[in-house]
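2 protein chains.
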Amino acid sequence: MTNSPFNRLLTAILLFSSLASAQQKKLSGFPDSLANRQLKLEEQFDQHLSSANIGATIKELSSQPHHISSARGKAVAEEIRRRFISYGWDASLVTYQVLFPIPQERVLEMGGAKPYKAVLKEPALPEDATSGQDGQLPTYNCWSPDGDVRGELVFVNYGLPEDYDYLDRLGISVKGKIVIAKYGRSWRGIKPKVAQEHGAIGCLIYSDPKDDGYVSGDVYPKGAFKNEYGVQRGSIMDMVIYPGDPLTPNIGATADAKRISREEATNLLKIPVLPISYHDAAPLLQSLQGPVAPEEWRGGLPFTYHVGPGNAPVHLKLKFDWQIRPCNNVVATLKGSEFPDQWVVRGNHHDAWVNGAADPISGMAALLEEAKAIGELVKQGYRPRRTLVYCAWDGEEPGLLGSTEWVEDHAKELQEKAVVYINSDNNGRGFMNASGSHALETLVNEVGRDITDPQTKVSILDRRLAADAMRAATPKLKKEKLARQTININAMGSGSDYSSFLQHLGVPSLDYGFGGEDAGGEYHSIYDSFDDYRRFKDPTFDYGVALSKTAGHTVLRIANAVNLPFDFRKLYETVNTYATELQEMTNNLRENTAVENQMIAGHKYELATDTAKHLAPPSMKDAVPYIDFSPLQNALAGLDTITQRLSSKKQIVNTAAVNKLIYQAEQQLLNDGGLPNRAWYKHTLYAPGFYTGYGVKTIPGVREAIEQRRWKEADEQIKIVAAAIERLSKYLQTNLL
Amino acid sequence: MTNSPFNRLLTAILLFSSLASAQQKKLSGFPDSLANRQLKLEEQFDQHLSSANIGATIKELSSQPHHISSARGKAVAEEIRRRFISYGWDASLVTYQVLFPIPQERVLEMGGAKPYKAVLKEPALPEDATSGQDGQLPTYNCWSPDGDVRGELVFVNYGLPEDYDYLDRLGISVKGKIVIAKYGRSWRGIKPKVAQEHGAIGCLIYSDPKDDGYVSGDVYPKGAFKNEYGVQRGSIMDMVIYPGDPLTPNIGATADAKRISREEATNLLKIPVLPISYHDAAPLLQSLQGPVAPEEWRGGLPFTYHVGPGNAPVHLKLKFDWQIRPCNNVVATLKGSEFPDQWVVRGNHHDAWVNGAADPISGMAALLEEAKAIGELVKQGYRPRRTLVYCAWDGEEPGLLGSTEWVEDHAKELQEKAVVYINSDNNGRGFMNASGSHALETLVNEVGRDITDPQTKVSILDRRLAADAMRAATPKLKKEKLARQTININAMGSGSDYSSFLQHLGVPSLDYGFGGEDAGGEYHSIYDSFDDYRRFKDPTFDYGVALSKTAGHTVLRIANAVNLPFDFRKLYETVNTYATELQEMTNNLRENTAVENQMIAGHKYELATDTAKHLAPPSMKDAVPYIDFSPLQNALAGLDTITQRLSSKKQIVNTAAVNKLIYQAEQQLLNDGGLPNRAWYKHTLYAPGFYTGYGVKTIPGVREAIEQRRWKEADEQIKIVAAAIERLSKYLQTNLL
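For the record, the sequence lines run as chains A and B. UniProt numbering numbers the first residue of the first sequence as 1 and each following residue consecutively. UniProt numbering numbers the first residue of the second sequence as 1 and each following residue consecutively.
These are computed hints drawn from the structure, not numbers from a lab. Careful: at least some of the hints might be erroneous.
Copies of the same chain look alike in the list, so a pair counts if it fits in one copy or across any two.
[Stated by the list, open to error] Below are the DSS-like pairs computed for lysine-lysine, each with C-alpha atoms no more than 25 Å apart in a straight line:
#	residue 1	residue 2
1	Lys-650	Lys-25
2	Lys-26	Lys-476
3	Lys-26	Lys-481
4	Lys-730	Lys-25
5	Lys-175	Lys-40
6	Lys-117	Lys-660
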């Protein structure tokens with residue numbers, strides 16, 4: 001760092017912030033007498049972290065393509081195990097047998113006046129040393145069925161349900177047609193699912209340069225953004241039904257597990273799906289006729305987007321090798337000195353679509369660096385009070401296979417022993433992102449308060465708070481954000497390995513990562529390489545260290561805590577905002593429906609729409625009834641009282657049994673029957689959205705019932721959620737007050 | 001029209017709306033006993049309007065390029081005069097001598113690694129019969145000085161003041177450089193003005209395909225939108241200082257008028273300016289280096305936009321033939337039977353940049369059709385009670401030359417005699433747009449109520465109301481709009497010939513046009529042709545008839561009114577909303593400034609901004625004081641009382657003298673000293689924005705002082721506006737109560 005005015009300013013900020021925090025810090029879970037010892041331990045831990053080492057790990061583990069079931073994938077797992085052992089941990093490979101399709105044939109071609117055969121291949125680049133390697137998985141969407149379809153093409157924007165509503169208004173059906181959708185807005189697996197629901201026979205998903213390409217910045221290798229040939233691979237398993245091996249829902253995919261057939265697997269789609277580059281998408285899109293796409297649908301390619309259909313037939317042929325293959329998790333343990341049966345579980349996946357320097361190796365490298373540093377502490381005589389379980393998952397990319405199978409296989413034991421699951425995945429430069437169980441929000445804030453941001457030298461918490469204020473949309477919201485000293489952690493959807501811990505078992509979970517200054521287009525492409533990473537993601541690997549600190553401190557605080565640092569008051573506050581949101585959402589939906597119906601009934605759509613556009617008005621919708629939220633409100637009132645009393649309770653030293661009751665409290669929020677139509681998801685507060693995928697829906701049973709206008713189901717779900725909250729209140733009252 | 005379900009629906013709507021309006025209609029200005037006679041007259045008028053005839057007029061008058069001072073321009077004026085005379089009107093050419101530059105040399109070239117010489121030429125197209133004609137003005141911005149400059153290029157987004165603020169934060173200066181700005185957001189003349197203020201030595205303005213090209217729809221000739229070679233010509237006179245001949249501010253540009261020199265003309269800029277196509281802009285933009293342009297700056301060309309500067313030098317050379325040339329207005333009159341000294345003035349310009357089928361001939365053809373129909377009524381024995389003055393202006397394109405010079409030349413007479421000025425300009429398919437003096441809002445609503453939309457068969461008012469409801473952003477606003485029976489007319493900025501009538505003289509004014517379903521990229525290009533018009537603007541010419549009806553009925557109602565239909569209550573209501581807006585704007589600015597200053601002082605910009613971007617925080621701004629709006633509030637309270645009393649006043653038949661007092665009332669709102677730094681603009685309520693150009697600023701003295709943070713000036717201007725409103729109140733009380 002040079003001595004620029006900016007750096008002098010940062011130094012001044014840093015000094016000020018050090019002075020401000022010179023007083024005794026509060027550490028939740030530790031009496032003041034022990035807090036300093038814990039902080040000292042964390043300082044020692046930090047001294048064993050090396051950005052250079054993290055960089056070297058990223059380089060080594062991403063040096064070859066290493067997808068699930070590849071020889072190199074196995075070698076990476078072995079190397080990770082070897083490292084854990086060298087750090088002084090117990091470690092072994094825990095292998096499951098999972099279905100995993102690998103492409104054998106991929107054809108996409110268009111006939112008509114300007115025939116085109118898609119390239120379907122990302123070229124090797126001299127600027128990217130690993131981009132020309134053997135062993136790359138071709139560009140494909142994993143879990144597409146085999147298929148050989150021909151049909152007209154229709155452009156469906158992002159392929160969301162509302163995009164099909166608009167097509168209906170245009171009188172355009174996708175029945176018997178192939179759709180082409182843009183990546184973005186919804187998780188990729190949702191797009192073919194919705195297409196299939198509407199009768200499409202095939203689905204192409206492409207990266208539009210407006211969302212992921214030259215519109216955002218210079219393209220690779222000049223810059224970080226997606227070049228014309230780049231393709232986002234990825235799973236299209238219908239993970240919102242259940243993740244993991246499709247053939248073994250709810251149970252571990254051990255060699256001898258009872259398997260269902262592929263046809264029985266409700267999370268597999270029926271139409272062929274292929275991801276393509278914008279180079280390959282351009283001639284297809286340009287061939288489309290029919291109406292000009294509405295403004296919000298248009299992308300960044302240099303021509304006018306039409307909806308279609310085109311009169312040039314499109315042929316999509318896909319064939320896969322469907323085999324059961326090994327899925328090699330690595331599980332490493334360090335036994336707790338006092339509570340060996342209370343586990344602090346930490347995980348990151350190790351499998352990649354190709355080289356995966358960012359996804360997942362950047363997170364994996366940070367995890368290994370933590371394990372190494374803890375190993376060093378152990379060599380100096382430290383033992384965690386609780387057992388540490390560090391996991392490197394295989395098969396995350398196709399659908400959280402490794403973690404889900406392990407969790408399903410050890411469900412009972414985890415519900416007994418797992419205090420927390422702390423996840424990470426890809427990591428980059430920028431701001432701390434944290435999501436998870438809201439009872440852990442106070443802990444996350446205290447962890448963030450004590451870690452310094454590598455670039456600005458303020459705490460990662462303060463930097464996040466500054467970003468939140470900057471991003472607030474209005475002066476009023478900015479003012480509110482400026483007044484805050486703590487952040488809210490986000491709720492968890494899906495898309496990484498925490499899903500089964502939290503949403504299937506109710507194990508309190510956290511997910512950490514840094515980002516926001518590492519944008520690029522390498523995701524799931526051959527260009528997610530070390531060369532890309534060191535130029536555009538985290539060039540100094542200092543954010544790798546920051547992640548090691550964030551996750552590592554969290555692990556160490558939970559492992560050593562006298563009283564487990566769960567703050568149920570935060571849980572109450574968060575759920576209460578969700579409940580308020582649901583009521584506001586319902587009121588807005590009611591008002592909106594009434595006004596829209598009035599617009600439709602008054603023929604305003606016909607009068608205000610260009611008759612040349614042949615755009616029919618939308619259909620009237622049933623009026624939104626007033627919904628009885630009182631069960632939820634009463635349950636929350638009860639939780640309010642209990643958590644207030646809990647917060648003001650005089651601190652005493654918990655027994656092991658009481659700590660266990662604390663970490664098991666989240667299980668009270670599970671509903672045995674699971675969510676409507678997806679019983680695997682049992683948490684009443686958090687789930688991936690049925691039509692958003694990765695994106696979270698909080699209080700999902702109620703929220704999705706309302707969004708999808710199933711009023712009776714909303715009533716039922718309100719009662720279910722209320723019962724869960726009442727269970728929790730009673731549990732807390734009985735066990736902890 | 002086929003008997004489709006949609007058309008049956010329209011018929012049903014039509015029947016219902018006819019039934020609803022079968023009662024006796026109120027016509028402001030007419031006792032009930034005379035209203036039916038007036039409506040009958042308007043029905044007869046309508047029967048003489050022919051869409052085929054309007055189409056033929058558009059075709060004929062746009063058949064050759066006919067800019068000011070061209071031989072064909074003169075011929076068009078002569079033809080218009082001939083037609084007026086054939087319709088039974090008195091008509092003559094009223095010629096002024098105005099400065100008008102014509103390009104002699106235009107060079108734009110780039111050196112460096114990829115040298116480029118700009119095409120600067122729109123190609124002839126086989127699909128457009130007039131596109132290859134001789135006599136086209138080349139692509140240029142009129143009033144650019146001669147210049148021969150070389151420099152680095154910087155991209156300045158839309159060239160707004162805030163764009164330069166952002167460049168400052170990036171540490172990029174345009175001093176000594178040539179800027180390239182996108183058309184849009186501000187009027188084109190503002191862009192070089194702001195560039196010049198920041199030290200640029202030249203300015204290019206281009207049409208980005210995101211705003212005006214393939215992003216919106218298929219390009220010409222396949223569709224209506226701007227193709228890669230299309231260029232928007234246009235004036236860059238600093239019209240917000242004063243419009244009209246630059247050498248004769250405030251006086252008519254008669255042959256012997258006392259002229260100032262070009263150097264003395266404060267509405268002429270000092271740096272060369274050239275408009276270019278996106279074909280010509282692309283290589284220039286692609287050569288730029290420096291930071292990636294912020295998201296909002298990026299356009300629709302298929303590469304990453306950088307801010308610059310580029311290291312390839314750009315050379316811009318422009319030379320013009322600066323001559324004083326004839327400007328031929330046509331003025332036609334039909335003497336009033338009862339009040340010959342009360343003039344109903346109606347106008348549209350006839351000069352075009354090239355062929356100008358839409359701009360201005362579509363409006364001119366409607367005006368001529370009105371004159372023809374009125375001529376027919378006259379043949380059947382009708383005479384208007386007041387004198388009609390129908391004008392066809394020359395030289396509107398370069399800067400409202402013909403109308404401004406005529407108005408300046410006849411200022412005193414017009415302030416005595418002009419009851420109203422009713423303007424139109426280009427016209428197309430879609431919705432009624434009306435703007436003007438708010439005392440005429442009730443009249444406009446009554447006119448719109450009685451005219452049927454050609455496509456939907458409801459009234460043009462109801463169609464406009466439906467569009468307003470559709471366009472409302474929130475359900476709450478939609479609900480409000482749905483409850484409305486009347487529209488608000490817009491306030492007038494500039495950009496057409498009403499400016500001098502309203503803003504210089506205080507003649508009550510209106511501007512009419514139809515549009516919203518006629519989007520395209522032909523504006524000021526060679527493709528604004530009859531071939532384009534009949535395909536994309538108003539294929540049946542039915543909206544030409546709708547414009548004839550709208551303007552014609554307005555003319556006839558004002559011409560025949562017993563009591564001139566001015567509704568000062570509407571004026572009060574509108575100005576009151578402006579005053580409320582100004583207070584809210586000031587409060588928001590205060591809150592926003594405080595929060596931004598807090599963000600800056602708390603180093604949130606440094607903490608939340610990617611350090612790799614080298615983006616300095618904005619500068620702190622002075623806090624916004626509390627401003628004394630009470631003079632304005634008190635003045636409005638007075639106007640409230642007076643206009644309430646006026647509204648409830650029992651109807652009597654006005655004398656000619658009282659009617660004159662009515663139409664002269666708007667002159668009370670003039671301030672002799674004019675607006676700060678632009679004394680030509682004397683109206684205290686309406687002016688084009690100093691930094692927006694065409695876009696209106698209401699209560700401009702106060703609004704712009706606040707926007708530009710000149711608090712003392714805001715105080716002074718509040719007093720000036722309050723005094724004007726008090727003058728009006730007193731005038732109304734003394735003369736009309």
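Now for the hints, and whether the structure bears them out:
For the identical chains of this complex, Lys-650 and Lys-25 are intra-copy neighbours only, at 19 Å inside a copy versus 80 Å across copies, given an alpha-carbon limit of 25 Å. In this assembly of identical chains, Lys-26 and Lys-476 lie within 25 Å of each other by CA distance neither inside one copy nor across copies; the values are 31 Å within and 47 Å between. Proximity of Lys-26 to Lys-481 under the C-alpha cut-off of 25 Å is restricted to the intra-copy arrangement: shortest distance 23 Å within a copy versus 56 Å between copies. In this homomeric assembly, Lys-730 and Lys-25 never come within 25 Å of each other (Cα to Cα): the closest approach is 33 Å inside a single copy and 71 Å across copies.
For the identical chains of this complex, Lys-175 and Lys-40 are neighbours neither inside a copy (65 Å) nor across copies (55 Å), given an alpha-carbon limit of 25 Å. Taking identical chains as interchangeable, the C-alpha atoms of Lys-117 and Lys-660 are never at most 25 Å apart, the minima being 60 Å within one chain and 76 Å between chains.
The earlier numbered hints that this structure contradicts are 2, 4, 5 and 6.
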